[in-house]
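Engineer: Each chain is listed here by its residues.
There are 2 protein chains.
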Amino acid sequence: LTDRIKGVLAPVVTPFLADLSPDRERWLAHCRWILSNGAGLAVFGTTSEANSLSVEERIDLLDSLMESGIDGARVMPGTGCPALTDSVRLTAHAVKRGCAGVLMLPPYYYKAVSDEGLFRSFAKVIERVSDARLRIYLYNIPPVAQVAITLPLIDRLVAAYPDTIAGIKDSSGDWPTTKAYLDNFASPLFDVFPGSESFLLAGLRNGGAGCISATANVNPGAITRLAETWKDGDADQQQAALDTIRGIFAKRPLIPALKAAIARYSASPSWAALRPPLVKLTRGESDSLMAELDSAGFSMPGLASSGRKAVAH
Amino acid sequence: LTDRIKGVLAPVVTPFLADLSPDRERWLAHCRWILSNGAGLAVFGTTSEANSLSVEERIDLLDSLMESGIDGARVMPGTGCPALTDSVRLTAHAVKRGCAGVLMLPPYYYKAVSDEGLFRSFAKVIERVSDARLRIYLYNIPPVAQVAITLPLIDRLVAAYPDTIAGIKDSSGDWPTTKAYLDNFASPLFDVFPGSESFLLAGLRNGGAGCISATANVNPGAITRLAETWKDGDADQQQAALDTIRGIFAKRPLIPALKAAIARYSASPSWAALRPPLVKLTRGESDSLMAELDSAGFSMPGLASSGRKAVAH
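Line by line, the protein sequences give chains X and L. If you use this note's numbering, the first sequence corresponds to residues 1 to 313, in order. If you use this note's numbering, the second sequence corresponds to residues 1 to 313, in order.
Some hints here could point you the wrong way.
Said to hold, decoys possible - Okay, the calculated beta carbon distance ranges per label pair:
1) L:A132 / X:S21: 23 to 33 Å
2) X:S114 / L:T150: 30 to 40 Å
3) X:R4 / L:K111: 25 to 35 Å
4) X:R97 / L:D287: 40 to 50 Å
5) X:D63 / L:G297: 53 to 63 Å
6) X:K231 / L:Y161: 53 to 63 Å
7) X:S64 / L:P162: 36 to 46 Å
8) X:T150 / L:S64: 32 to 42 Å
9) X:D155 / L:D243: 36 to 46 Å
10) X:D63 / L:A180: 46 to 56 Å
11) L:E285 / X:S288: 50 to 60 Å
12) L:G247 / X:R283: 48 to 58 Å
13) X:P188 / L:K111: 33 to 43 Å
14) L:E285 / X:P152: 15 to 25 Å
As the list claims (entries may be wrong) - Under 7 Å between C-beta atoms, here's a sample of chain X residues computed to sit facing chain L:
15) S52
16) L84
17) L118
18) R120
19) P277
Just so you know, the hints here were simulated from the structure itself, not pulled from any lab data. The structure presented is a predicted model; accordingly, all values stated were derived computationally and were not measured. Heads up, the beta-carbon is just placed ideally off N, CA and C, and yes, glycines get one too.
Hey, can you work out the whole structure from these sequences and the hints?
Structural biologist: Spelled out as structure tokens, the structure:
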């Protein structure tokens, strides 16, 4: 169990070049910065705009990451797609590349599908990948995917594939939902990750494994510190400080706001680019975000500047 | 304008082999049967489980269809995906293959996206495909995609790309929505297709171009007849007869029910297979469907049997 991926993971944002192709070098640099701040890499999540990338683009980026010498034990790529064949291909590739696990969306095109249909989706992927190293973390994000991971579905999956179904990321944004996953399933063999550091401390106090949070792209050091010191006396204060920063990002379009912040703190305006249908913050929105972050004393220490000198704060 | 694709189109259901790969021969035979009944081919729609297929699987099937000698003027493949690069690839391929147009979902992973973001999605596809032959039919299906095609979005797209934005399929299932598209946009250069034959006659009386309907997979002859004779005295009777058959399918899980009917009428049980997350009807559900269809005097004349002799009705 010592090699299980735990703690804080960032769904790494994906920078784009002017032609909207992934900016590999800048992406690798951001992965290294996140790792240097103690967090792991949940590449190809919702925050990564992974569903705005083709299967080939994801495979190509993961190859670059693993060839850069990063430890697969710290990597959990997202691999769930609407098409069974795509999910199988991405999942098999992640296992072959030595990733610690995969974060798997349910097939999300059809709505109001049955748990039977979802069970068969996950089962088919597991059977086709057919590799004892595979560890699947289910991905519950009903505000986006609409298709939810229910408790009875987890029951069935864990019973059928106890060595493979390794946990869940809950991005419901709803503590009772996260708590129900924790109460029913958290164990040394099933890790529950809240989908935001807002529930990091509450999660850890209820058997959680850490968190997988968009904001770990910009605030990984502080979030990781709480995950490592949550039994200390200042834990509630740490949580409050995380909530302040999270709140500043979360009241704006989250992915554009994260990219805007990285663009400003790295003095690399092109970091702000997104693939449609997402659009970047306006200059005014970005200025307002930065003003709030400055007032809160926020910074991203050690973030590599690319292009001109980093803006002083 | 004479080469514009109009009338009744079927979003062709995709049959699968035992390993859930597409059953190419059976699919081509079904395409031919639909064409022989007067309807065109909106391959790779929602009913086709297209979003459960990889990009390569769709390209491969379309290549087979076009190489089989079918007239591209009768083909409108679905090409809209969450990933811009996938939509571009599928759309460019469809144009290259001589298809009359493409039916394009908006990128549907992210929810509550802006019209600005959706405009840029369609614009990027158009600019990257960069082919004067491209005709895009927008695909509004909020019950599934959640992301809707608004009237202001169409306004912007038509203004920017008047030669390319050729129409819309409305699967809202809501007549006022279809009527608003008709009232605001129907013209010789913008075809409005209701997403069900339930609105075929009402649509035609309000300037509609026909319909693109799941049930055209099983009842294409009768639906096409109404589209061709809607000014005749028996049009309302024809519409009522179509509604009866549609109603029998629509009160069940629609795609599994269509496949179950084709399986029974062609005496080819394997036609009933679906990719997860969709699941086929139980034997009891299928029997009940067939009993209702028999009572309604429904049949699928000329449907090729594959395997054993067709069941008599």
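Engineer: For each hint given before, does the structure comply? Return the numbers of the non-compliant ones in rising order.
Structural biologist: Nothing - there is no hint that the structure violates, so all of them hold.
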